[in-house]
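Kindly generate the complete structure, drawing on both the sequences and the hints.
Residue-level listing of the chains:
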Amino acid sequence: MDVEHAVEDLRHRTLSEIPRSLDRLIYLASMRDYNTGLYYHDGLASRFTQDVACEALADCHREAFNQLVSCSLRDLVGQMEEYINSTHTSPRNFVTAWRKLEPYRVAVPVETDPVVAHFLFSSFKIALAVLEARLRSAQPEPVA
Amino acid sequence: MIQLIFFLSIGALLFASLFFLARRNSRPEGSSGALIEARQALVALQAGLLPAELVHRIFANEDWEFVRSEAPAKVRELFMEERKKVALLWVEQVRTQIRSLRRFHRGSARSYARLNPRLEMELALSFAWLMSACRLLQLVVYVGGPYAAPRMVGAMANAASRACKISEQSLAFLNAAQLGILSSGSTGQAAS
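Protein sequences, first through last, are from chains A and B.
Start counting the first sequence at 1; every next residue gets the next number (our numbering).
Start counting the second sequence at 1001; every next residue gets the next number (our numbering).
Keep in mind the hints are simulated off the structure, nothing from the lab.
Computed from a predicted model, the values in this text were never measured in an experiment.
Mixed in with the good hints, there may be bad ones.
To be verified - List of simulated lysine to any residue pairs, SDA-like, C-alpha gap at most 20 Å:
(1) B/Lys1074 x A/Arg99
(2) A/Lys125 x B/Glu1065
(3) A/Lys125 x B/Glu1070
(4) A/Lys125 x B/Phe1066
(5) B/Lys1074 x A/Gln139
(6) A/Lys125 x B/Glu1082
(7) A/Lys125 x B/Leu1078
(8) A/Lys125 x B/Ala1073
(9) A/Lys125 x B/Lys1074
(10) A/Lys100 x B/Leu1078
(11) B/Lys1074 x B/Asn1061
(12) B/Lys1085 x A/Arg105
(13) A/Lys100 x B/Glu1082
(14) B/Lys1085 x A/His118
(15) B/Lys1074 x A/Arg74
(16) A/Lys125 x B/Val1075
(17) A/Lys125 x B/Glu1062
(18) B/Lys1085 x B/Gln1138
(19) A/Lys125 x A/Gln79
(20) A/Lys100 x B/Val1075
(21) B/Lys1085 x A/Asp113
(22) B/Lys1085 x A/Phe121
(23) B/Lys1084 x B/Pro1150
(24) B/Lys1084 x A/Ser122
(25) B/Lys1084 x A/Ser72
(26) B/Lys1074 x A/Arg136
(27) B/Lys1074 x A/Trp98
(28) B/Lys1074 x A/Leu135
(29) B/Lys1085 x A/Ser72
(30) B/Lys1085 x A/Ser70
(31) B/Lys1085 x A/Arg99
(32) B/Lys1084 x A/Val115
Written out as structure tokens, the structure is:
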């Protein structure tokens, strides 16, 4: 019951400010300690307990992941475009960095089915290729 | 000398056969390990691989339409290559989990008196059909790509879901508490 309240609290206070599931996934993955796999959120932990906050964050993380998996490729590309704009990074640099580093690989919740994770990674790869092609056609690289 | 080598070879062959047979039968049928494996296979199929939304997304034609209308040939090729890989992985995983379930039911039919013979027969037929369908679908996707057989994908996913339901019914007498005990027991064994 406490976890449900914590999830509601998290949705109401924090996640409602993050409209895109891609942003929510990245945000919630960043709340996780890579060494322990536990999630931390001081505000939520102070209103509930650390364990409850951790479980609520994990639930919301899974939810954001499932929402992103359900997105069409068109939607994913759109979300990535908006995400790039929100980071104020050069789109070219962003696409290059994401293609090389594949940061989305660490944003997957634990115990995700490997096929589902593979599907999302594959969609990211295609979405980045679509974005790169758009960037190329919008602004041809200068000839040396 | 030739006779000695001949008999030694036969001896080695027999020893190797014995070793492989012993390894193959090392897990007793109906053991807690087999039961947990079957439960895990059921969960993997029902929660991970077979939800209609996921199957629809992997084989979604609208994604291909989007890439075809938006992206150059290189990206279209990448898309087909990637979706083909995912589709083949999906079929392979469904097949692996079905095989795991089948192994459990084949072994446990003799160990659990409470299993319903009619359900077990129905399952045996479903498993046989599914294993063949998976192989065929793998071949079709490998040759024709991820969009080669949409109806077959749907039929296979539905049949696998049905088989899972029958299997679940068949295993209903094994409640969560029993599984919890088995699971903690196996973890303990693994840790020791």
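For which of the previously enumerated hints does the structure constitute a violation, in increasing order of number? none
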